[in-house]
Amino acid sequence: MIIVITGGSSSGKSKVAEDMMNKLEPGRKLYIATMQIGDNDEDGKKRIEKHRKRRKDSNYKTIEKGKDLQEIGGEYVGGAKAWGDGTEGAGAGISKIGSEEIKSALLECISNLTANVMFSERVLSSDATVLEVISEVKDLSAKMNNLVIVTNNVFDDIDNYDDMTSSYVKALGKINQELVKMADEAYEVVVGIPVRIK
Amino acid sequence: MILVIGGSHQGKKGFVCEKYNITSERMYGSLVDEDGTYAVYDLQQIIRDNLDLDVKKIVMDYTESHPDVIIICNEIGNGLVPIDEKDRYYRDVTGEILIEIARKATEVWRVICGIGQKIK
Numbered sequence: 001m002i003i004v005i006t007g008g009s010s011s012g013k014s015k016v017a018e019d020m021m022n023k024l025e026p027g028r029k030l031y032i033a034t035m036q037i038g039d040n041d042e043d044g045k046k047r048i049e050k051h052r053k054r055r056k057d058s059n060y061k062t063i064e065k066g067k068d069l070q071e072i073g074g075e076y077v078g079g080a081k082a083w084g085d086g087t088e089g090a091g092a093g094i095s096k097i098g099s100e101e102i103k104s105a106l107l108e109c110i111s112n113l114t115a116n117v118m119f120s121e122r123v124l125s126s127d128a129t130v131l132e133v134i135s136e137v138k139d140l141s142a143k144m145n146n147l148v149i150v151t152n153n154v155f156d157d158i159d160n161y162d163d164m165t166s167s168y169v170k171a172l173g174k175i176n177q178e179l180v181k182m183a184d185e186a187y188e189v190v191v192g193i194p195v196r197i198k
Numbered sequence: 001m002i003l004v005i006g007g008s009h010q011g012k013k014g015f016v017c018e019k020y021n022i023t024s025e026r027m028y029g030s031l032v033d034e035d036g037t038y039a040v041y042d043l044q045q046i047i048r049d050n051l052d053l054d055v056k057k058i059v060m061d062y063t064e065s066h067p068d069v070i071i072i073c074n075e076i077g078n079g080l081v082p083i084d085e086k087d088r089y090y091r092d093v094t095g096e097i098l099i100e101i102a103r104k105a106t107e108v109w110r111v112i113c114g115i116g117q118k119i120k
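Residue numbers (the numbering used here), protein chains in the order written: chain A, 1 to 198; chain B, 1 to 120.
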């Protein structure tokens, strides 16, 4: 089962995604965090703290992975660190991903993943970014029985962006369409209410 | 309590007047002490004007003491993250307040092109 959750900023997407994930898999599951924040990013830290607190009582094993999602599972051991939200250290159990042990994951979120893929060592084109992100997510979904994907609606805004930002918004729009094609269900979260769109 | 949201200039106020049979005199741009059927519109502006205070508490206390109010608010979170810190806070706190209001509301409507879709 693949579920895509979209919505605006502070629309309650994460909470809805976690509730849906918990329903699909009450047991152990992965929380894949793609947000990479700088040391001085107080906003980002606050947001992460809020999400961590909420997941504290759930059965999430958190890994931070800004991109290269295909490295998750199999031999993957390094690079990720646990957030201390009641999950054990990252190294240990992660090699079990892809086996019968953990087959459900919540991926949050595609807007960060897309930015991390597009703006890495060199800036990728919009099309190349779409291909890479979709390929990484497909790879992950092949290893999972249940995948809940959180993305972002950034499209109802003034659009006088610079070229690079336009290219990013274009890529994210295309990626969202591709993800929803792959998905069994898709929802837009509006003021905390999931509105089914597929 | 009833919540009506949507983008700017989508006919939210007109929708409320028609749907709940009230005149524009029963619509207020501030947190007024009224009763009966009436609406408070531009909640996002009220929030923006009070960012330096505990605006979440102010709005939630108001809805608590005025359970029959119809709240009208713009959706402002569907864009890129603003660069300015205060803008980011404005967007986030508005989102949090709307989630809270929606949870307590008996009805939630989303208006686009003048058409209301009932989402709760």
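To be clear, the hints were calculated from the coordinates, so they are not data collected in a lab.
Here the structure is a predicted model, which means the values were calculated and not measured.
Cβ coordinates follow ideal geometry from the N, Cα and C atoms, glycine included.
Hints are supplied without guarantee of correctness; some may be wrong.
Stated by the list, open to error - Some chain A residues well away from chain B (every beta-carbon gap over 12 Å; in silico):
(1) 6
(2) 42
(3) 156
Unchecked claim - These stretches of chain B come out as covered by chain A in the derived footprint (C-beta under 8 Å, 3 or more residues):
(4) 2-11
(5) 15-28
(6) 83-92
Hints, one by one, checked against the model:
The Cβ of residue 6 of chain A sits about 10 Å from the closest Cβ of chain B, inside the 12 Å cut-off, so the non-interface label is violated. Some Cβ of chain B comes within 12 Å of the Cβ of residue 42 of chain A; the nearest lies about 9 Å off, and the non-interface call is violated. Separation of residue 156 of chain A from chain B is inadequate, the least Cβ-Cβ distance of about 4 Å not exceeding the 12 Å criterion. Counting residues of the stretch 2-11 of chain B whose CB lies closer than 8 Å to any CB of chain A gives 3, so the stated coverage by that chain holds, three being the minimum.
Only when three residues or more bring their CB closer than 8 Å to a CB of chain A does the claim for the stretch 15-28 of chain B stand; here the count is 0, and the claim is violated. Under a criterion of three residues with beta carbons nearer than 8 Å to beta carbons of chain A, the stated coverage of the stretch 83-92 of chain B is upheld, 4 such residues being counted.
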